[in-house]
Amino acid sequence: GESVGLHLPTLSVQEGDNSIINCAYSNSASDYFIWYKQESGKGPQFIIDIRSNMDKRQGQRVTVLLNKTVKHLSLQIAATQPGDSAVYFCAENKASGDYKLSFGAGTTVTVRA
Amino acid sequence: EPEVTQTPSHQVTQMGQEVILRCVPISNHLYFYWYRQILGQKVEFLVSFYNNEISEKSEIFDDQFSVERPDGSNFTLKIRSTKLEDSAMYFCASTRQVNTEAFFGQGTRLTVV
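Residue numbers (this note's numbering), protein chains in the order written: chain A, 1 to 113; chain B, 1 to 113.
Treat the hints as calculated values from the structure; they're not laboratory data.
Do not rely on the hints blindly, as some may be mistaken.
Chain B is faced by these chain A residues, among others (derived, beta-carbon under 8 angstroms) [claimed, not checked]:
1) 32
2) 39
3) 43
4) 44
5) 46
6) 68
7) 89
8) 93
9) 100
10) 101
11) 103
12) 104
13) 105
14) 106
The beta-carbon is built from N, C-alpha and C at its ideal position, and this holds for glycine as well.
Chain B with its partners taken away, still in its complex shape (with noise of 0.2 angstroms):
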């Protein structure tokens, strides 16, 4: 069964330090997604992403945050400088089309210090 990987499974990093979060998603999918979950909360929506740009991004999702496809399997988050807020589940999704069944990944667990 197809899959979206994420790497790495844990990333700790120091505040301000700038991060890059890696997701495969699955082949032949067009909308890319990026969630996040902070210990014992919902999971909250960062950004949606299709046909190379950005559709539609939270409150969550300011300035210090990027997304990009650098080529036809990736598509990363990037936090400039970060936070001890910042410290959370994040989950790459991706869909064939909109709303239809969103497959997630296992999540990188991101550990500001």
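Okay, chain A solo, but in the shape it has when bound (with noise of 0.2 angstroms):
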């Protein structure tokens, strides 16, 4: 069946270094997909969206990277920091009808000072 998710369920990264984080989807009619961060406790919080008319899409210290060809997105974040230390979901819709939104089952990335 349909499903998004990520490769890898936990990240451990340096404070300072790069993090990616890497998505697999395999709803090729999907047109619009999503990045969040969840903290303990908290509801998802937007960190950066893309549509599939674009390859890679730049924030404030995050990227993010999509690759139709395989059906991959990738969310790059610089110079981590503490404060990035959650659970990272990607999540996809279609592009017609609703907004409903697919979630992945999340990775979680803890930051080492």
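The task is to assemble the complex, starting from two chains supplied on their own in separate frames and drawing on the hints.
Shown next, in the form of structure tokens:
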């Protein structure tokens, strides 16, 4: 079946290093992708989004890359900080119809001091 | 910064009882959603709501669930007869338009005993 998923459930990164979080999706009709950050006991917090007509989008310290050929999405965090420790979810939605996000299982990022 | 607010933050109820979870979406948003997250699992879509009616719902959203926008600001999720497996975090979200950034509330932790 169609699904959104992340490659690794956990990622440990040294403070100051760059982080790369990966996500594979199988729904070729998906047209809109989002990365969310979730801290313990809180709701998902929007990080960055990208539409299928783009392959790269940059925000503040974050970059999302989309490779539609291999159905792969990644989130890069530059100069990772302790406050970046959280669970990161990728999510997708089809362009048509209603806004129903399908979330992946999440990657837990732990930043080492 | 505008935010989605949810009340209560934690609700404990006995199996078979009715619960109402409340949400105040962002004021100029038009689309409203409920998601749930069972502990340690991914976020799952329940229902979307637009123009005072349900626009899409998942298999989880059965006859025990209902949503309502009783006035111009509140958006509620009602579970008529709670089951143990309804225990989860319930997140409300809203968007200004379809396929735009979804803002999530902090969630209501529902515990059914």
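Results of checking the hints against the structure:
no.: 1; hint: 32; result: holds (5 angstroms)
no.: 2; hint: 39; result: violated (10 angstroms)
no.: 3; hint: 43; result: holds (4 angstroms)
no.: 4; hint: 44; result: holds (5 angstroms)
no.: 5; hint: 46; result: holds (5 angstroms)
no.: 6; hint: 68; result: violated (17 angstroms)
no.: 7; hint: 89; result: holds (7 angstroms)
no.: 8; hint: 93; result: holds (6 angstroms)
no.: 9; hint: 100; result: holds (5 angstroms)
no.: 10; hint: 101; result: holds (6 angstroms)
no.: 11; hint: 103; result: holds (4 angstroms)
no.: 12; hint: 104; result: holds (6 angstroms)
no.: 13; hint: 105; result: holds (5 angstroms)
no.: 14; hint: 106; result: holds (6 angstroms)
In terms of the numbered hints stated before, the structure departs from hints 2, 6, listed from lowest to highest.
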